[in-house]
Structures are given as C-alpha cells and as structure tokens.
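A.B. asks: Using the sequences and the hints, build the whole thing.
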Amino acid sequence: DTGVSQDPRHKITKRGQNVTFRCDPISEHNRLYWYRQTLGQGPEFLTYFQNEAQLEKSRLLSDRFSAERPKGSFSTLEIQRTEQGDSAMYLCASGRIGGGYGYTFGSGTRLTVV
Amino acid sequence: GESVGLHLPTLSVQEGDNSIINCAYSNSASDYFIWYKQESGKGPQFIIDIRSNMDKRQGQRVTVLLNKTVKHLSLQIAATQPGDSAVYFCAEQTGANNLFFGTGTRLTVIP
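First to last, the sequence lines map onto chains A and B. Taking the working numbering, the leading residue of the first sequence gets 1, the next gets one more, and so forth. Taking the working numbering, the leading residue of the second sequence gets 115, the next gets one more, and so forth.
Because the hints were derived from the structure by calculation, they are not lab data. Any given hint could turn out to be false.
[Unchecked claim] Straight-line alpha carbon distances no greater than 30 Å define the calculated DSS-like cross-link-like pairs of lysine-lysine that follow: (1) B:LYS156 with A:LYS14; (2) B:LYS185 with B:LYS170; (3) B:LYS170 with A:LYS57; (4) B:LYS156 with A:LYS11; (5) B:LYS182 with B:LYS170.
[What the hints assert, rightly or not] From the derived model, a few chain A residues whose C-beta atoms are all more than 10 Å from chain B: (6) PRO8; (7) PHE21; (8) ASP63; (9) THR112.
Backbone N, C-alpha and C define an ideal beta-carbon position, used for all residues, glycine too.
C.D. replies: Structure (structure tokens):
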C-alpha cells in the first residue's frame, strides 16, 4: 500500500490523559501535514513539516500539542492533558515539493475524549 | 486569513442527473484550487484540481469551473451515481502554502 497510513484509527481517552498518533506518509513525499476536522466542518490546518523541519504551526496548535518528524519520514502528534474539546478527527497528509501542490490524505485518527 | 465557503450545505439529486456544487473563495491571491470528496470515516480524496491561469478543467465525469472575477468555483458531476454520495470540499492554496478548506456540501444521490 503506497498511501498515507495513520494509527490508530480510533482512540478513546479520558480527559487529562496524553495521547499520541502516528502518521506514515507516502515514502517519496517530503512534506507532511496535520489537520484537525470536527463534525460538519472542513479540515483545519495544524502544522506541517518539510523533511524533518517543522515549518509552520497554526495558532490552533496550543502548548498541549506537539508534533515531530524526527527522521523526515513518519510523524507523531501528541496531545497532552486532553480536553473534551480535543475530540475530533486528526488527519495527516503528505505531498512532494515540485510534484504539484495537492496532497494525499490518510484516513485519520478519530479521537474521543470522555 | 483565507476564507472558503460553500453556497449550499446539502444537495440531493436523482441518480443519472448532473450535480453542480458551488464554492466561493475570498483570497484573490490563491492560485490553486482542489475539490476533495470525503466519505464517512475516511480522509478527503482528491477529485480534480485547477490552477488560477485556467477557467475550466475536465476529468472523468467531473468538470471544475473557475471564475476569478467573482471568486467562484464549481464542481460538476455528470450522470451522478450512488457512489458519488459524500461530502465535497473545495480548498484553496496560495503558492506552496497550506490548503484552506471550506465547510463542505453533502451530496445525496437518490436511486
């Protein structure tokens, strides 16, 4: 499978717990993006990486959120001290510089904070 | 920041009819536009794109029209099929920056 894969697909956690999601992009893609999507809304940009460098972070990304892409391949998104408002679908996408601007999305991780 | 919106949140069409989904954007500097289809529980799936130097682009059963004068984008789906039922998003991009999405239109195809 050469698509973008995300793990886990679903996560239920208690408020106050930490959670970590993983994204494996398409191997030849050097850009990786994280988006958040709530019900009935379009995806909202959180952050993106070019290779291992995190180049931009949205103001939506509070101090409780951190993303890494240590070797320029897979990425993790961690949410500390989860709140009910963090419940959403977290989408990862990857793209390639010079390969057109559009990206390929994964199927997302659905987070439910109870 | 950019603002991408859709005229209609829901659209119902009979199977076999053509569908038109509209989108308004506000950033005149946006130079690339994409339509995505999202089925329940899945991530957005690329349908078709268009650059700002074009006003029409056709794919298989889909056509995107871009009117830069009124900052309007539309997606036309010919001979709509039940498998076309989904939420459709338009997204805009400036240069190699991030995609900004609208709220989406839910298309329901009636058999």
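A.B. asks: Mind checking the alpha carbons of LYS156 (chain B) and LYS11 (chain A) for me, to see if they're no more than 30 Å apart?
C.D. replies: Cα-Cα ~15 Å, so holds.
A.B. asks: Please confirm whether THR112 (chain A) is truly not at the interface, meaning its C-beta sits more than 10 Å away from all C-beta atoms of chain B.
C.D. replies: Holds, because the least Cβ-Cβ distance between THR112 (chain A) and chain B comes to about 14 Å, which exceeds 10 Å.
A.B. asks: Between the alpha carbons of LYS156 (chain B) and LYS14 (chain A), is the straight-line distance 30 Å or under?
C.D. replies: With Cα atoms ~24 Å apart, LYS156 (chain B) and LYS14 (chain A) stay inside 30 Å; holds.
A.B. asks: Going straight from one Cα to the other, do LYS185 (chain B) and LYS170 (chain B) come out at no more than 30 Å?
C.D. replies: Given pair LYS185 (chain B), LYS170 (chain B) holds - Cα atoms ~14 Å apart, limit 30 Å.
A.B. asks: A cut-off of 10 Å on Cβ-Cβ distance, and PHE21 (chain A) was said to be off the interface with chain B. Does that hold?
C.D. replies: holds, 13 Å
A.B. asks: Would you mind confirming whether the straight-line C-alpha gap from LYS182 (chain B) to LYS170 (chain B) stays at or under 30 Å?
C.D. replies: holds, 11 Å
A.B. asks: Verify this label for me: ASP63 (chain A) is non-interface relative to chain B, using a Cβ-Cβ cutoff of 10 Å.
C.D. replies: holds, 21 Å
A.B. asks: Is the Cβ of PRO8 (chain A) farther than 10 Å from every Cβ of chain B?
C.D. replies: holds, 13 Å
A.B. asks: Holds or violated: LYS170 (chain B) and LYS57 (chain A), Cα atoms, limit 30 Å.
C.D. replies: Outside the cut-off at roughly 33 Å; violated.
Violated hint for the displayed structure: number 3, the only one.
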